[in-house]
Amino acid sequence: MEFSRSHLKALLFVALVACVAAAPFFVHFLGKSSARNTANDSYEQVLDGEWHFAWGEYLSPAAVLEALAANTLDVVSTPSTWASHLPHDSANPYNHGIATYARELHLPEDKDISLVLHVERIPEAYEVFWVPKGSPDAAIRIASEGNLTGPAKAAYVDLSHPVNGSGKGVLLIHVRKDVLAWGGFFNPPRITTSEIDNVNRKLQRIFDGFWTGCLFFAVFQNFYLFSLRRNDYAPLLLGNAALIVMLHLAASSNSLEVIFGTGVHVLRTRIELLATVTVGPILLLTIRYLIPPLIGPVLMWTIVGFGGFAGIFILAAPADLMSYYLLVYEAFLILVFLVMGYGLGRAMLDGKQGATTLMLALVFILSAAVHDIIAAETGSTQYRITAMAIFVFMALCTLFVGRKVSIAISRSQMLEEEKEMLKKLHSDAVNSARRDHLTGLLNRQAFDHEFTHAWRASNAKVEPLSVVLFDIDHFKQVNDTYGHPMGDRVLKSLADRLADFPMRRHDRVCRYGGEEFALILPNTLLEDALLVAEKIREDVAETPVIDDPEFALSVTCSFGVACTITASGCSAESLLERADEALYAAKDQGRNCVNGVYSLQHPQFPDISAT
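For the sequence shown, the residue numbers in the UniProt record's numbering are 1 to 611.
Read the hints as simulated data drawn from the structure, not as lab findings.
Just so you know, even glycine gets a beta-carbon here, dropped at the ideal spot from N, CA and C.
Worth double-checking, as some hints may not be accurate.
[Said to hold, decoys possible] Computed Cβ-Cβ distance ranges for the label pairs, DEER-style: (1) K423 / I259: 42 to 52 Å; (2) G308 / P87: 12 to 22 Å; (3) I259 / R141: 40 to 50 Å; (4) L338 / E109: 26 to 36 Å; (5) Q589 / T543: 33 to 43 Å; (6) I259 / P293: 13 to 23 Å; (7) F210 / P87: 28 to 38 Å; (8) H484 / K423: 29 to 39 Å; (9) F220 / W55: 43 to 53 Å; (10) V363 / V258: 27 to 37 Å; (11) A62 / L338: 47 to 57 Å; (12) S144 / L228: 52 to 62 Å; (13) L267 / F210: 49 to 59 Å; (14) S367 / P87: 34 to 44 Å.
[As the list claims (entries may be wrong)] Here are the simulated DMTMM-like pairs of lysine to aspartate or glutamate, each with C-alpha atoms no more than 25 Å apart in a straight line: (15) K111 / D74; (16) K168 / D208; (17) K153 / E127; (18) K535 / D507; (19) K535 / D480; (20) K133 / D89; (21) K111 / D89; (22) K202 / D137; (23) K168 / E257; (24) K587 / E463; (25) K476 / E418; (26) K404 / D473; (27) K476 / D350; (28) K202 / D350; (29) K404 / D436; (30) K476 / D488; (31) K492 / D473; (32) K153 / D137; (33) K461 / D473; (34) K476 / E420; (35) K111 / E44.
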């Protein structure tokens, strides 16, 4: 089979996924290596597996040692919740109460090793003692977080406590849980050196900061893409998904509690669970917009509806009831990703662009989820990569959205350019149809249109309207003497001079036909129109129309001016006829003159004639 470029891209992406998936282990290994280089010895023990357990009481150090000697304590597996090893109590369905955990340990006796107990999460309050073997009176309290008595107050999460003990003894932990449904060890504690713990914490901060920055950039990028193309909802959905994952990242750490105090413990839990049930449907909707049709609308909106209902339930239900259905939320998220995988599988078979890459990213998400479940159960690593995997998936979706928006913008710009070109061609075509090809002035067709428009405006406003008709005297002699090319030069030169003549914005100058020209002067009395005509006559008569170094030619023009207002009862045709009559009268008077009349006597405008 031929190795194509698409195959190479797939292999490179698989390699990238593998590297990202292995990154937490690599970082964790670096943390251990760095610690070994800064201490004479290293020690790290994950405290998962079997613990001794007593429900409903805080056992004192002496009582714990006696119970261990008598073997009267229950043995439970951790990490686990109380519900997994307590009988159901209808009066206390969520197993609120207190308990004691105890585990026999043998700590290093090297005084140069500084040990710490790292507690990632023990809901909701806890107190830790180190009890030397056979010496309950020498018990050392390592930590006390939250309220073990009195009003409920949760402990901070992800804390490290110095361990001032060595040799054989018992690690004793008192736990109280009154708010959420799960109690006990959510994640297994671990004892390690302070050097390893410091390196791990620094790397974890770098890790969290990097992904928070990436998520913030994803939020900004997608909202910006949505602002460019409001009819495409994929970037809007992706931006919200990135925002939800960023909130989940903040909620799963101690960031909110450090800023606002442990009073936001329940709110932080609600945010964490809300992100669990909403990010899946949002990503599913995003993929459906990117690669339609992904799945049927009934299944799609069923999933979205359930996610919305679960989100409302998480925000409104009591804390213990809300948190009781954690496994349902997680199962729903996995189901959504499986449905997404089914849709992407169909898209791959149909040859949809981008389906294969998104399928690989989806497999990475499912693998990361399995990794985090195993890591939480075994305590093998404190790094969680599901959020990172979801970000990788969203980053790929963002690339597709960006490309889609870029193509749409380019296409829109191309359409705008084509629209402008067509508009220009249309304008050129209109101008070409309205302009005289020789002189560039408005032609007879344009004159008829402009005159009709001016007549209607004059009629509506009851204003005077003047028309000037004029032609070149003895123009036939110019053609006969110098030829038609010279006649065309005369017409063009005269037209250029008329185009440069100062006129008002709504005045129009046109080539009426042959050597005849016309002026349309709206809202102009006869005496004013006569002045305009006289200025043009003088300019034409006094300046040669052809003024070459070896040849000069002058011409004159005769002008006929007519004026009326529509209220006088005159028609448009009669106004033109009176202007034409005035032009012939000017020729009869010897040419090179101006003659003007009103088209119809009106008391507001007395009859005037001028030569």
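Quick rundown of the hints versus the structure:
Our hint of 42 to 52 Å for K423 and I259 is violated, since their Cβ atoms are close to 57 Å apart. The hint said 12 to 22 Å for the Cβ distance between G308 and P87, and at roughly 36 Å that hint is violated. Separated by about 28 Å at the C-beta atoms, I259 and R141 break the suggested range of 40 to 50 Å. At roughly 52 Å, the beta-carbon separation of L338 and E109 lies outside the given 26 to 36 Å, and the hint is violated.
For Q589 and T543, the hinted distance range of 33 to 43 Å is not satisfied, since their beta carbons lie about 23 Å from each other. Look at I259 against P293: about 44 Å separates their beta carbons, and that is not inside 13 to 23 Å. Hint check: F210 to P87, Cβ distance near 46 Å, so the stated range 28 to 38 Å is violated. A hinted range of 29 to 39 Å for the beta carbons of H484 and K423 is consistent with their spacing of about 37 Å.
A beta carbon spacing of about 50 Å between F220 and W55 agrees with the range 43 to 53 Å that was offered as a hint. Taking 27 to 37 Å as the suggested C-beta distance range, the pair V363 and V258 conforms, at roughly 35 Å. The hinted range of 47 to 57 Å is satisfied by A62 and L338, whose Cβ atoms lie roughly 53 Å apart. Between S144 and L228 the C-beta distance comes to about 54 Å, which sits within the given range of 52 to 62 Å.
Between L267 and F210, the C-beta spacing of about 26 Å breaks the proposed range 49 to 59 Å. As the Cβ distance of S367 to P87 is approximately 37 Å, the hint placing it in 34 to 44 Å holds. At roughly 34 Å between alpha-carbon atoms, K111 and D74 are farther apart than 25 Å, so this suggested pair is violated. The straight-line distance between the Cα atoms of K168 and D208 is roughly 37 Å, outside the 25 Å bound, and the hint therefore fails.
Between the alpha carbons of K153 and E127 the distance comes to roughly 13 Å, so the proposed pair stays at or under 25 Å and holds. Proximity of K535 to D507 is assessed by CA-CA distance (about 15 Å); at most 25 Å being required, the pair is judged to hold. Only pairs whose Cα atoms come within 25 Å are accepted, and K535 paired with D480 is rejected, the gap being roughly 29 Å. For the suggested pair K133 and D89, the alpha carbons sit about 36 Å apart, so the restraint of at most 25 Å is broken.
A threshold of 25 Å between alpha carbons decides the hint, and for K111 with D89 the separation of about 47 Å lies outside it, so the pair is violated. This hinted pair does not check out: K202 and D137 have alpha carbons roughly 37 Å apart, beyond 25 Å. Our distance criterion of 25 Å between C-alpha atoms is broken by K168 and E257, whose separation comes to about 35 Å. Note on K587 and E463: the hinted pairing is violated, with a Cα-Cα distance of about 29 Å set against a maximum of 25 Å.
Annotation: proposed proximity of K476 to E418 is violated, straight-line Cα distance about 47 Å (limit 25 Å). Restraint check: the Cα-Cα separation between K404 and D473 comes to about 68 Å, which exceeds 25 Å; the hinted pair is violated. In summary, the hint linking K476 to D350 is not supported, as the alpha carbons are separated by about 79 Å, beyond the 25 Å threshold. Of the supplied pair hints, the one linking K202 and D350 is violated, its CA atoms being roughly 47 Å apart against a limit of 25 Å.
Only pairs whose Cα atoms come within 25 Å are accepted, and K404 paired with D436 is rejected, the gap being roughly 48 Å. For the proposed pair K476 and D488, the alpha carbon gap of about 12 Å is at most 25 Å, so the pair holds. Restraint check for K492 and D473: the C-alpha separation of about 16 Å stays at or below 25 Å, so the hint holds. For the suggested pair K153 and D137, the alpha carbons sit about 28 Å apart, so the restraint of at most 25 Å is broken.
Restraint check for K461 and D473: the C-alpha separation of about 36 Å exceeds 25 Å, so the hint is violated. Between K476 and E420 the alpha-carbon distance is near 44 Å, which puts this suggested pair outside the 25 Å criterion. About 16 Å separates the Cα atoms of K111 and E44, which keeps this hinted pair within 25 Å; it holds.
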